[in-house]
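Novice: With the hints as a guide, bring both chains together as one complex.
Residue numbers (my numbering), protein chains in the order written: chain H, 2 to 134; chain D, 2 to 178.
Hints were generated in silico from the structure; no laboratory data involved. One thing to keep in mind: the hints can contain errors.
Said to hold, decoys possible - So the derived list for chain D, only partly shown, Cβ under 10 angstroms to chain H, looks like this:
1. Ala11
2. Leu15
3. Ser28
4. Pro31
5. Ser32
6. Lys37
7. Pro38
8. Lys99
9. Gly125
10. Arg126
11. Gly135
Ideal Cβ positions, reconstructed from N, Cα and C, are used throughout, including at glycine.
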Amino acid sequence: MTAAFIQTVLLSLAVAGAAPFASVEQERRYYELLKELRCLVCQNQSLSDSSAELAGDLRDEVRTMVADGKNDREIVDFMTARYGDFVLFRPRFKPATYILWLAPAVLLAGGLFWLFRWQVVRRRRSDEPEQVE
Amino acid sequence: MSRHIWIVAAFVLLVALLAAGLRLDPSRVPSPLVGKPMPPFTAATVHRPGRVVGEKQLPGPALVNVWASWCVACHQEHPVLLALAGDWRVPIYGMNYKDRREDAVAWLERLGNPYVFSVFDQSGRIGIDWGVYGVPETFVIDGAGVIRYKHIGPLDHDDVEEVLLPLLAELEEGRAR
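Okay, chain D solo, but in the shape it has when bound (with noise of 0.2 angstroms):
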């Protein structure tokens, strides 16, 4: 009886961690980007063609923002990042990503405009570099310049107040000390 209990111990421990299996994401693939620095880059910005920008124009504690105009899921989030940068007056710095020039300048005359500066990412090269696949998607930069969060897919207000705005208080009092 007693080997009996072994195999039922051995069976349910592997039914437990297919059922945990099953409830992850699949579509949520984990940065390798995740603790490196942000991969350089320069660009000029969505507003001014004439200017270039690298990673060292985005000094952290912040959120870059990857989205793009034609992105449906970036409207849908599109409010909760203004209400990071109004209320919460968290610096985040967009990369548009794969759009037009004109298009992305409309889109955040239209619904309002919560970055310090878009980077234009016309051929989607600096998305490359920066292992983006969907859009939109946020990564949380410390003050050093390193990559310590990546969040696939729209914010909402959960993901702010529980992951988002607790990381940012964390990497400020670093700074700080």
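Chain H extracted, bound-state conformation (with noise of 0.2 angstroms):
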């Protein structure tokens, strides 16, 4: 909590006299958006938490769209076009992210099917010494 607070009193004070927010709702997206944003130079970390001067840059160009009324997709779109997705922590589902997105579920999927079926087979099996005597 403490150190939230601190990060947005030093986020402030790094972008004081950069455009100005029309509106309290501008300014929230803003710092919604830097932490979907990943900072390329340190590539763990968000726009937000990133202390790299390439982040610097970065936020001050997302600070300026967003007050240019830019909105949310248009802001991600600028982004995407010059650093590709990943700089999204959650990247857009697309034919090239189909995998990514849905290999967890296929993975878990396919799982139980297996645990189903052994089940079954083990099931059977263990009737089957029963039909015999």
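Specialist: See below:
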């Protein structure tokens, strides 16, 4: 909590003098977007967390776009056009990412199916001796 | 027994997939700009603050190399660029990224200048449009101004001989036809 507060203060200080937001809603969207976008330099940090110089530049870009009234889709498109789907912590669902999104469900379903089959076979086997006797 | 073979096969396949994944270098993010025209820009050059250049002034096939005097890896790859420009007569355009003009000029004077000219991207705004996230980066541009390849990190002689020169030769041939 304290860390988050300090971070917000630092971020606010860092962008003092940058494009002002027209509304609290814009500011909220700005911080939400920063959490969704990956820093290319420190790859496991978001733009919001990273202290890399490029992350600072990209925060300014996002801030300007939000202040200019661009919607989330346009801002995310701006980022993916330049850096690819990799910048998104939650990549979009499209043919290139079908495997990424669907594999866990498919593997789970396959595993459950196999487990079910195995149980059926085992039960049948345990039934068989009784029939023989 | 035959059913178990399928399970083993699936497991082996999964292990192979994960093993291949572990061998990828996560710091090399494929650029969505490969296959697309160069992002447009206008800027001055490092040596001539009054000159205005844009993507039209970068005729391919050529290389566009993003560099900075503060970049240690650029220092490392510099001899490779000098050889490319000198021995192989490959046109290389510099993209000087977030640098100070006097530092950039001094750096080129000290180490040699392999560039036809260097675009002066002081704010790094052109770098953002080009998807630059780690200097040095090198783009291969074809005769139509389309980005055909992007190399992230310092170039070495293997990269040049195995990737860049064959690709440039192919692009040169394509243009002659």
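Novice: Looking back at the hints listed earlier, which ones does the structure fail to meet?
Specialist: 7
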